[in-house]
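Protein chains: 2
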Amino acid sequence: MNTLIVYWHPEPASFNAAMLRTASRVLTAEGHEVQISDLHELAFNPVSGRHNFITTANPDYFKQQDEEAHAARHDGFAEDIHTERQKLAWCDLLIFQFPLWWSGMPAMMKGWVDRVFTCQHDDETKYRCEAAPCKGKRAMLSLTTGGPASQYSAGGPLGTMPEVLGPIHKGMLALAGFQVLEPFVAYQPACLCEHGRIALLEQYTHRLRGLEQETAIPLPSLCN
Amino acid sequence: MNTLIVYWHPEPASFNAAMLRTASRVLTAEGHEVQISDLHELAFNPVSGRHNFITTANPDYFKQQDEEAHAARHDGFAEDIHTERQKLAWCDLLIFQFPLWWSGMPAMMKGWVDRVFTCQHDDETKYRCEAAPCKGKRAMLSLTTGGPASQYSAGGPLGTMPEVLGPIHKGMLALAGFQVLEPFVAYQPACLCEHGRIALLEQYTHRLRGLEQETAIPLPSLCN
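Line order of the protein sequences matches chains D and U.
To convert, note that position 87 of the first sequence is 87 in UniProt numbering; the numbers rise steadily by one, no gaps.
To convert, note that position 41 of the second sequence is 41 in UniProt numbering; the numbers rise steadily by one, no gaps.
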């Protein structure tokens, strides 16, 4: 199982970093191949624009999806996107490791998706279905929160965690063709003592060991 | 009504740009003050880190919320954040104008939120309630989609638009203290003829004229 872990946190001693190291170590020990995109270390540029491409489909009007379709046909992606696309093509499993900020991915990680989940087909129906770029791959969100699990109650102010992550699961991962695994949510690690953090990493370790056998979350089909 | 419009699109001739110009013109004609943060033009940096600050609370471990609380007490925000915070403090209404990408804000806009919606209190309960930074202000999402309205059906692959925007409405805008207005969603403007686009801008104009009198979406309270 070739695994790509896309990771961002501005603090190298963060719990997110510990989760990244845990995933890398455990998956490697299980016999899987692991590649890491540490977006902070890469100083990845999360902003989209003409610099995403070395080719130009339409010099008069910039429409990113059209430029992506053109670039896919003419090997026209900028070096940084080309590199990440290679990793994405290589992987069977994609793990996003990040702190949940304002109920979403931090800008850096969202920008990786905006730039690397490129549209390879002009025909949007095909793109979303049998020819979706990540068809046959699996993806999982692994994240930390600042608040406790109780904040994510049904009818509560933030909504439940499936509601919070729903747009990412459906409108990002499934739309790109991934089968989506249950997320691993580490609630409020900043408020845990050392024992609590170790226990959480052990839970994650257990989860990672069984990942290859896990079945995906049932989501409404994109291909009807 | 002091209105701040935060806008991002990489193409100056986009429908998003037309919506921005419409909002600025209509609100000004109604007697309101308008400021615009054009993030593409500003070449805003959406990535968070130590560069957000000119002060340091903890040199050994970077925790953004702690640095924000410290910076708020010591006038320690970097110039770009300071400027945007001033605009945010000035406004009564905040409008985000953006294309919906992968069911969320594009990275540039998410990064504006990540960096500018700063935490001003150490006490998280206070932060979220009576002392939330944007308490008493209103916010509205104004966005375009690549797909048609029918893609956002109940039980459908992407979820309904309220489900898609729920994490932004609840976990971003309401959490920062805003009263949240109904979003204005321009579905698939790229597939409309000129007449259709003009009609959509007229709908938006009508909406903008009544904005001052609108009541907010009822959302579960954050302050119990």
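By construction, these hints were calculated from the structure, which means they are not laboratory data.
Incorrect hints may have been included.
[Said to hold, decoys possible] DSBU-like, lysine-lysine: derived pairs with alpha carbons at most 35 Å apart:
1. U:Lys137 - D:Lys63
2. D:Lys135 - D:Lys63
3. U:Lys63 - D:Lys137
4. U:Lys63 - D:Lys87
5. D:Lys63 - U:Lys87
Hints, one by one, checked against the model:
Restraint check: the Cα-Cα separation between Lys137 (chain U) and Lys63 (chain D) comes to about 34 Å, which is no more than 35 Å; the hinted pair holds. Pair hint Lys135 (chain D) plus Lys63 (chain D) holds up; C-alpha atoms about 24 Å apart against a cutoff of 35 Å. For the hint pairing Lys63 (chain U) with Lys137 (chain D), the CA-to-CA distance comes to about 34 Å; that is within 35 Å, so the pair holds. As the CA atoms of Lys63 (chain U) and Lys87 (chain D) are separated by approximately 30 Å, the hinted pair is consistent with the 35 Å bound.
Our distance criterion of 35 Å between C-alpha atoms is met by Lys63 (chain D) and Lys87 (chain U), whose separation comes to about 30 Å.
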